[in-house]
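Going down the list, the protein sequences come from chains A and B.
With positions in the first sequence counted from 1, the corresponding number in the numbering used here is that position plus 1402.
With positions in the second sequence counted from 1, the corresponding number in the numbering used here is that position plus 1402.
None of these hints come from the bench; they were simulated from the model.
Hints are all accurate, no fakes.
Label pairs and their computed distance ranges (CB to CB):
no., chain 1, residue 1, chain 2, residue 2, range
1, B, A1482, A, R1466, 17 to 27 Å
2, B, G1485, A, M1403, 29 to 39 Å
3, B, A1520, A, V1593, 28 to 38 Å
4, B, A1482, A, R1705, 51 to 61 Å
5, B, E1465, A, R1570, 49 to 59 Å
Computed from the model, here is a short list of chain B residues facing chain A with C-beta under 10 Å:
no., residue
6, Y1484
7, G1485
8, L1498
Think of the CB as a built atom: it goes at the ideal place given N, C-alpha and C, for glycine as much as any other residue.
2 protein chains.
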Amino acid sequence: MQIAILAGGVGGSRFVRGVRHGYPDAELTVVVNTADDIMLHGLHISPDLDTMMYSLGGGIDAERGWGRSEETWRTSAELAAYGVEPSWFGLGDLDLATHLVRTQMLDAGYPLSAVTQALCTRWLHDSDHLRLLPMTDDRVETHIVIDDPATSAESGGPPSDAAERRQRAVHFQEYWVKLHAEPEARQVLLVGIDTARPAPGVIEAINAADLVLIAPSNPVVSIGPVLAVPGIGAAVRGTRAPVIGFSGIIGGAPVLGMAHRLLPAIGVQTDAESVGRHYGSRRDGGVLDAWIVDNADAAAVPRLTEAGLAAGSTDLIMSEPAATAEFIQHGVKLACE
Amino acid sequence: MQIAILAGGVGGSRFVRGVRHGYPDAELTVVVNTADDIMLHGLHISPDLDTMMYSLGGGIDAERGWGRSEETWRTSAELAAYGVEPSWFGLGDLDLATHLVRTQMLDAGYPLSAVTQALCTRWLHDSDHLRLLPMTDDRVETHIVIDDPATSAESGGPPSDAAERRQRAVHFQEYWVKLHAEPEARQVLLVGIDTARPAPGVIEAINAADLVLIAPSNPVVSIGPVLAVPGIGAAVRGTRAPVIGFSGIIGGAPVLGMAHRLLPAIGVQTDAESVGRHYGSRRDGGVLDAWIVDNADAAAVPRLTEAGLAAGSTDLIMSEPAATAEFIQHGVKLACE
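Hey, can you work out the whole structure from these sequences and the hints?
Rendered as structure tokens:
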């Protein structure tokens, strides 16, 4: 059995561990968001790929959900002592080695997919039947448009209307890590997405899959970019496999992260039903055959079903791989009925 | 008073601390060897500049003589866990920050001299009246030609004569750190030296100096490259200031390092007299007005003087800055008599 999974970082990796648990003999291909990638201190950092790799390879800080266990930040502290910006993104000493290897390989001309494969030889074994693919080898960066606090403060007079307000775009990591997603997100830009090509193996994995799963990752900045890479959305719409999505929004709030700060920017309400409608049914040009929400959102199920999207509810908390596996199997059963 | 010093790393930095102690009010310009520089893991490493900077800025590991105090090697261990070569050059976690800042600034287009100045703002203060200049902003690398052990082992038959023996050139750091200077050095190549230009300020500092000092650093791979940068040797030969050299060879052996492994490759015997003759008197086209040897080599003094090079002997062990200052002042007195 072959399973293709579209996923982001922290939530995505917990989801994949659940899939692994529930389908121990399946060949898993995880197509990972790379629009969070950022160059810092001259290093190419791929937060979602690393979270996935460390998590599946046993190197993750389980409590934090990202970064290496037993991490230290000595080099970062030195960079700060040199007064080098940015200081808001902590590069752990262990993590740093991954970025050094990646950057050097990219500089030598290897594509990100080959670099990812090389890094994964340390963390994953052939017997894991699990491979990570970046969504693309091309550079795509999520930028968030926010009101420029500098110009807002300057104005002094009465609040100017929205049209006159100055805005600026910041890298997603700056919005997320430095600004704690506090400024209102006016727009989400996927810089480079139009010319990005799916990484080698991505389309093949979706076409060959017996099952395609969309992890309960952030619909705007994790799953959104993956589906927006030209060719990937179409492959998901066209695959012979059932496509099942899982809601990361439970009871009107994200289980992890701050999706509620970004969904309004793409005109989607922060609830499981709205996100399901946003992904849409494959029969109506969307990407889903089934949408699984938490029991807390069970009321949405009949409305979604009536609207043409098969839906079901279960307990979506990803506490343990076994529990995660259970709700995934529940979703698969629903989709294949 | 302005003093220009030509220097390498470990010995050079002890020497400069002695100069600082002996001439507390002088403006010091240290022209530092950069032919030891190496790119490793995508990072530009300048061992001699860093040793000098950490040493003068109070960040050096005093016992080891190089690298940062309270250093750890967590990132290096991770790089080794990824199987990334080379593993023989340990990059400390604190040290790494220096290389990251340097590499990023160089990649952004700043010359090494500007990067050095930027890094030094953390370690040195204006009130120190001390600046470090790389000998050049251009890439120069010392390579050591050795017999290729692979081909020597392959031959199998009777030892072939030297002409047939295969040789290869290794970066100085590989020769020094990985091979522990064990293979015989057949030749010393300064790759890039012909087209290297002195870094901004170097020639001016030598021309404007009231005193030029040549540190007791390695004559082959530290002082040699500095003097070989087109223009620097000529400036030393032509400056109005007295030029005083100090022997790093005492009693037929180097005080620090492994100069005895390299001097034969340039046809110089490992003794203070031979190194003095190698540098030569300015009256005969050399670079020295006076050559200071250790008391252990006092017998060489009359021979050198007779040969036209003013020489003197004193206690050259650089145990403490005060002791170092004392022998420097001794040399200055001799040269100015």
